[in-house]
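Asker: In case you want the letters, here they are:
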Amino acid sequence: MPKIIEKRVLTPITKLFRFEAQMIASAAKPGQFVIVRVREGGERIPLTIADFDAKSGTVTIVVQEVGVTSRLLGAHEEGDNILDVLGPLGEPAHIPPGGHVVGVGGGFGSAALWCLMRELKERGDRTTVILGARHDHLLLLIDELREVCDNLELCTDDGSVGLKGFVTERLQQLIDGDGPGKPDHVIAIGPMPMMRAVANTTRDTGIPTQVSMDPLMIDGTGMCGCCRVTVGDEVKFACVDGPLFDASKVDFDEAVKRNKVYAKDEKRAAERQQKMMEESANAS
Amino acid sequence: MPAKRENKTPMLERNAKLRATDFVEVNEGYSLAHATFEAERCLRCQDPVCVAGCPVHIPIPEFMHQVAAGNMPKAVEILRSANPLPAVCGRVCPQEDQCEQKCHMANLFKPVGIGYLERFVADWERNNVKSKGIKKPTRQQRIAVIGAGPAGLVCAGDLARLGYPVTIYEGLHAPGGVLRYGIPEFRLPNDILDWEIDLLKELGVEIICNVVVGKTLQLDDLFDKMGFSAVFVGTGAGLPKFLGIPGENLNGVYSANEFLTRINLMQSYNFPETDTPLYLGKRVAVIGAGNTAMDAIRSALRLGAEEGMSIYRRSEKEMTARVEEYHHALEEGVKFHWLTNPVEIVGDDNGWVTGIKCLRMKLGEPDESGRSRPIPIEGSEFIIPLDNVVLSLGNSPNPLLVNSTPGLDKDKHGCLVMDKDKPQTSRKWVYAGGDAVTGAATVILAAGAGKDAAATIHKDLSAVA
Ligand SMILES: Cc1cc2nc3c(=O)[nH]c(=O)nc-3n(C[C@H](O)[C@H](O)[C@H](O)COP(=O)(O)OP(=O)(O)OC[C@H]3O[C@@H](n4cnc5c(N)ncnc54)[C@H](O)[C@@H]3O)c2cc1C
Ligand SMILES: Cc1cc2nc3c(=O)[nH]c(=O)nc-3n(C[C@H](O)[C@H](O)[C@H](O)COP(=O)(O)OP(=O)(O)OC[C@H]3O[C@@H](n4cnc5c(N)ncnc54)[C@H](O)[C@@H]3O)c2cc1C
Ligand code: SF4
Ligand code: SF4
Ligand code: FES
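Top to bottom, those sequences are chains A and B. Each residue of the first sequence is one higher than the last, beginning at 1 in this note's numbering. Each residue of the second sequence is one higher than the last, beginning at 1 in this note's numbering.
Same shape as in the complex, but just chain A:
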């Protein structure tokens, strides 16, 4: 059971955990993810590897509390163990070297871009990250990202910092030659609407664009087919063929619908969890 050695609260619902997992840290590459289970009877949830260090044998994840399992994980503290962590899973990011790579991130996406951008910069690529959020205090890991990329561009819905507007507006400006200039490669990680908007922005530009799909998963090894995503005319398993796919070919409509299969159950479980938490708070 991997032990948590560092916890940081990034926003009230976003927590960073660094834990000991030598085998995963030695094998991990940017773009890959882990599957975590936090209690007996618990669900297996996929989380992107935000950072890893083979030398110290540690792996970092950033989790956004959206439901039962992510909330249980979020309540873990330094010194606690995570019941099960499996990884690294999925195919690492493959980006041809030597170009200008623009990473677009929203939500936990900034975490996923962290180790990727560092690797690209270390091998000599020019790197830009465009981060977006509703307000400035929801922008995650800005200092960490600033260290590992040449240009950090911020966008907020309310204009509290950086450009007032969506990440795709800034991306379009770059494509038009503004700021750090036209990307040779775009990689977008974050909420589905954002990734879809990025896909639409670059679709007719010929700029190769990848998105990190986040379908529901169970085993993460290609055994169940839960993570099916339609890419072009092919059905892919995101856990073994992805999670990164050619943005211009992904069937986002289907992906959005598929992620809603359990919406009612998830709501019921979250309400039950809330009630139990309140009861135990009242009892103590």
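Listed below are the simulated PhoX-like cross-link pairs for lysine-lysine, each with C-alpha atoms no more than 25 Å apart in a straight line:
| hint | chain 1 | residue 1 | chain 2 | residue 2 |
| --- | --- | --- | --- | --- |
| 1 | B | K282 | A | K260 |
| 2 | A | K29 | B | K225 |
| 3 | A | K249 | B | K241 |
| 4 | B | K412 | A | K236 |
To spell it out: a stretch of chain B is covered by chain A in this simulated footprint if at least three of its residues, at any positions, have a beta carbon under 8 Å from a beta carbon of chain A; those stretches are:
| hint | region |
| --- | --- |
| 5 | 165-175 |
| 6 | 229-240 |
| 7 | 246-252 |
| 8 | 257-264 |
To be clear, the hints were calculated from the coordinates, so they are not data collected in a lab. The structure displayed is predicted, hence computed values, not measured ones. Backbone N, C-alpha and C fix where the C-beta goes; we use that ideal spot for every residue, glycine too.
Dock chain B with the ligands against chain A, hints included.
Answerer: Same frame as chain A, but now just chain B with the ligands:
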């Protein structure tokens, strides 16, 4: 002395109405009296053909003799010497195609209830024999096993018994392979499986879960970095097939693997006590008519589906499920649409399944497999309204390990290519067995392959030691 009785002593089964609402085991097992009574039917033949029908060659007449004599500890010893997973095999082996099919008694009467007795003796052991503590390995050469399904478990157990330190690496969070994630508890309860696995641990076998070889570790790391002398690959056939027809990604469509994994491994039947949900509507169809299909549709009924059916493009005669499972399914109310071929899964605007479009088929000439080829009847299209479709079309070997391991060869079906003389892969010191080699088969064939590989590994290691 053997007693001439024509019929097999029946096994008590829980009432079909009652059992169809829960996951408690269907078969209730023999009592001691039933067991000795049934064992007396064995003729203790001079040429025990039943043994040849058993992939692990259990000395059946000897073991029957001990049961008939009421000497259970001796019966346990004989059984264990040949089969490290008797409580499992006694429950899930297709005996009617193996040991019992060959039994001399079957020529005139009903065969001896070998499977039922195997199960009885194993359960007797579980209830009566205390743990002997953990055994320590006596040899130096360490062996790694990839995959904790029946093939890997049995191979590990045999090697540990020979004194080797053995480590099993399993990708999922719990060992057992299909026994854990596929076969439901009403056929194989989890505590039976846990007990068999605990016995392996007592032999000194170490099981490390949450390690996918090919991702967390590479096969070569096992030799180069970790110093193992030999590796056994028992990664099974866990890659689900799809039909490739429109609508397969609609909400409410599952592969049987996903459906059963949610229920068995993730225990979604206890949701929200447990955290993994399952979406189940009123009308559920499984496509296919094999063991997996029966497991899936019988599970659906237990979880509250009002109608459960199997849609199969061939006829009852070509169906591949075990007879016992088919009968249990009929008793529990599963309907069968024979000679019916799905051509499209239809859904609503929000992406949910509403039904399946099928063609009626007729049987033509036999195909390569010797089974009559189903031919579509033109203009016979019709729609069956449904809330769930569970695709149970078979599995092929999971390509993950092979694709990430240089020099490990597979054939066009994805099965590992093996040496013609022994259970070794295209790589020296890498052995294999079970579904990863044969494609989807049976528990006892996987167990037998694990046993054979253990013997070969021991021989090869002894030659260099
Ligand atoms: C490859 C991959 C990498 C991921 N990386 C991260 C990460 O680094 N950090 C992070 O916080 N999350 C990540 N996710 C999403 C994360 O797995 C889900 O948020 C998590 O499974 C939710 O579980 P839960 O029990 O807390 O919530 P649930 O109760 O299961 O769901 C609560 C809400 O979240 C939505 N949801 C559930 N699963 C997903 C999903 N897979 N994607 C998007 N929304 C979902 C539901 O529709 C629902 O609205 C990743 C997903 C994938 C497939
Ligand atoms: C639903 C269902 C019902 C069945 N019913 C019956 C029945 O009644 N009777 C019968 O005889 N047979 C039945 N079978 C078939 C039988 O279960 C299989 O033939 C048998 O389990 C094969 O054993 P195995 O050890 O080769 O593989 P598996 O049981 O598939 O086990 C392989 C294990 O390896 C793990 N693994 C795979 N790749 C890796 C990797 N790279 N690294 C680490 N671990 C890995 C997997 O997670 C899995 O745990 C059924 C099958 C299914 C699916
Ligand atoms: S293991 Fe299977 S084939 Fe062998 S004797 Fe037992 S039931 Fe028969
Ligand atoms: S063939 Fe039948 S009767 Fe003969 S020894 Fe085997 S089980 Fe007994
Ligand atoms: S999560 Fe099961 S196949 Fe991808």
